[in-house]
Amino acid sequence: MIVSFLGKIGQIFLNGVHSALVVCVLIMDTLNWLFLQPLLGRGLRWRSAIEHFVEYGFRSIPIVGLISLLVGIIMGMQSAYTLQQWGATIFMANLVGISALRELAPLMSAILITGRSGSAITAEIGTMKVSEEVDALMVMGLNPVKFLVVPKFIGMVIAVPCVTVLSMAIMIAGGFIVAVGILGIDFWAYFDQTANALVSKDLFSGIVKSIFFGLTICWVGIYRGFQVEGSAESVGKMTTSSVVTSIFTIIVVDLIWTALFYFTE
Amino acid sequence: MMNNNNSEYVIEVENLIVQYGTRRVLDNISFKVKKGEIFVILGGSGCGKSTLLRTLVGLIRPHSGKILMFGKDVTTIRVQEQIKLLKRIGMCFQNSALFNSMTVGENVALPLKEHTHLADSTIDIMTQIKLDLVGLGGCSNLYPSQLSGGMKKRAGIARAMALDPEIIFYDEPSSGLDPIVAAGLDHLIRKMQNTFNLTSVVVTHDLESVQIIADRVCLLHAGKIVAIGDLKEMELNSNSYLRQFFTRTPNPEENQSTSAILDSLEDM
Ligand SMILES: Nc1ncnc2c1ncn2[C@@H]1O[C@H](COP(=O)(O)OP(=O)(O)O)[C@@H](O)[C@H]1O
Ligand SMILES: [Mg+2]
Chain L
11 MIVSFLGKIG QIFLNGVHSA LVVCVLIMDT LNWLFLQPLL GRGLRWRSAI
61 EHFVEYGFRS IPIVGLISLL VGIIMGMQSA YTLQQWGATI FMANLVGISA
111 LRELAPLMSA ILITGRSGSA ITAEIGTMKV SEEVDALMVM GLNPVKFLVV
161 PKFIGMVIAV PCVTVLSMAI MIAGGFIVAV GILGIDFWAY FDQTANALVS
211 KDLFSGIVKS IFFGLTICWV GIYRGFQVEG SAESVGKMTT SSVVTSIFTI
261 IVVDLIWTAL FYFTE
Chain U
2 MMNNNNSEYV IEVENLIVQY GTRRVLDNIS FKVKKGEIFV ILGGSGCGKS
52 TLLRTLVGLI RPHSGKILMF GKDVTTIRVQ EQIKLLKRIG MCFQNSALFN
102 SMTVGENVAL PLKEHTHLAD STIDIMTQIK LDLVGLGGCS NLYPSQLSGG
152 MKKRAGIARA MALDPEIIFY DEPSSGLDPI VAAGLDHLIR KMQNTFNLTS
202 VVVTHDLESV QIIADRVCLL HAGKIVAIGD LKEMELNSNS YLRQFFTRTP
252 NPEENQSTSA ILDSLEDM
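Protein sequences, first through last, are from chains L and U.
The opening position of the first sequence corresponds to residue 11 in our numbering, with each subsequent residue numbered one higher.
The opening position of the second sequence corresponds to residue 2 in our numbering, with each subsequent residue numbered one higher.
Simulated from the structure, these hints should not be mistaken for lab results.
It should be emphasised that the depicted structure is a prediction, and the values quoted were computed from it without experimental measurement.
Treat the hints with care, as some may be off.
[Stated by the list, open to error] FRET-style restraints, in silico, Cβ to Cβ:
no., chain 1, residue 1, chain 2, residue 2, range
1, L, S241, U, M103, 21 to 27 Å
2, U, G72, L, I73, 55 to 61 Å
3, L, T268, U, T77, 46 to 52 Å
4, L, K211, U, M103, 33 to 39 Å
5, L, Q88, U, Y21, 54 to 60 Å
6, L, C34, U, G45, 38 to 44 Å
7, U, M103, L, V209, 57 to 63 Å
8, U, I126, L, G53, 22 to 28 Å
9, U, T117, L, S241, 50 to 56 Å
10, U, Y21, L, C34, 23 to 29 Å
11, U, D231, L, G26, 51 to 57 Å
12, U, D28, L, G246, 31 to 37 Å
[To be verified] A short list of chain L residues far from chain U (calculated; beta carbon distances all over 12 Å):
no., residue
13, M87
14, D212
15, D264
Even for Gly, the Cβ is constructed at its ideal location relative to N, Cα and C.
So here's chain L without its partners, still in its complex pose:
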């Protein structure tokens, strides 16, 4: 009983170490084909990278925008509810602004893009593995990391911060709607309050987080994609697993950065 339990734990630990090693190799390979090989004259697939940026960033604007607006409104009402008791509703500008910049916009954008594009990355690479397209690339002497990974990587790492900044603005606008439209606070008073509440460090911390979220979504998606073996069923499984792993990792990364920013205040 105990032995088999310990064995299980050991197994999980070894699997974890193995995954970490594989991801490290993948990261090294990506960086190699992103920076080193282009310098040696082996080119970058810019067109493909731009297409991926449009897919991950531009096309996710409607859904991220809508959800950010709703979250902004919700945040506005929730903070107004608390602050009314002290007659300090104007401070909802601080609450909405700071939580949007530092936390909610990066997190919501990352989670939505995981669902939209992280899953798509895994499904695409997984399907290509199952149908031997990845093998076909290799037999042609073409590197799968250069062809499949680097363009997605560039697209994702640029797209997530861009979408996040947009999401921040829209969330704050959601707060405006509640404050000005429902609570009848003067527009310029609320504007000044928001502007005074936010410092550049808030924006900075949100953007730093979002860059790391982008890295996470991309590498988890790709890693899970290459883990697909055999059949279409495996593609489905790995796609699900990609979303779960990605969201979990995003939250952990979020916690680490939040702690770092908190203790270095």
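Take the given structure of chain L and dock chain U with the ligands to it, following the hints.
Frame of chain L, contents of chain U with the ligands only:
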């Protein structure tokens, strides 16, 4: 003496062992492929034919053994050398493995775009020539999902031929196709070999296409080569598995168990 022999063979496999984990799929296999011949690898489903091809082209690392291609050992080759070598070979996968996000024309053009410095207009012309060669002249702008099984295989051949390779590998080119389309592919493989003096390695379990295309045959069974030689030598060989394979005789014990089930169903 040895050296003279070497130039005649483009592929030499010596004592090749391939394992998935601890499961040995190919056990001590040795054979040689002559320049310009069609070498057929025959064997039942799951006997490791695809594994053998994938090992030859470097997709699988063997457990041990040597694979010399144009005199270079594929198993210990450096990356840059390997890319040079890969440009001299082409591979047609069992399920074609066309890039589904690209048109047929783009599929064929990809190796040319990536490995040559030709102008786009030249690449277009060369792509068209390769597609005409396999009889898909009008399909350049179609996507793989719009092609039939036989057309996909042809497109796969066109793509494998893009860089004018010296060796071409086919994994079950005629499986899953009706007899007429399959025969068409057999003739295409013959034509390729005649026209370009291509060395071809063909994996199949289709006895009829063996009769049409094979210069030499090897029969795989349980991870080993049970017979190797030209068609006449195969006819004369008395190995029991070979006879069973060529006369399409089922395994007796499998017959017993299935017929027992069928009998019991009949009783009900
Ligand atoms: N990636 C793999 N991992 C583990 N076993 C495999 C893998 N690919 C193939 N096999 C096993 O190796 C054997 C040979 O497979 P394969 O070479 O595809 O056979 P064939 O092409 O002759 O039908 C099969 O029994 C199969 O189950
Ligand atoms: Mg096979």
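Numbered hints the structure breaks, given as an ascending list: 4, 7, 9
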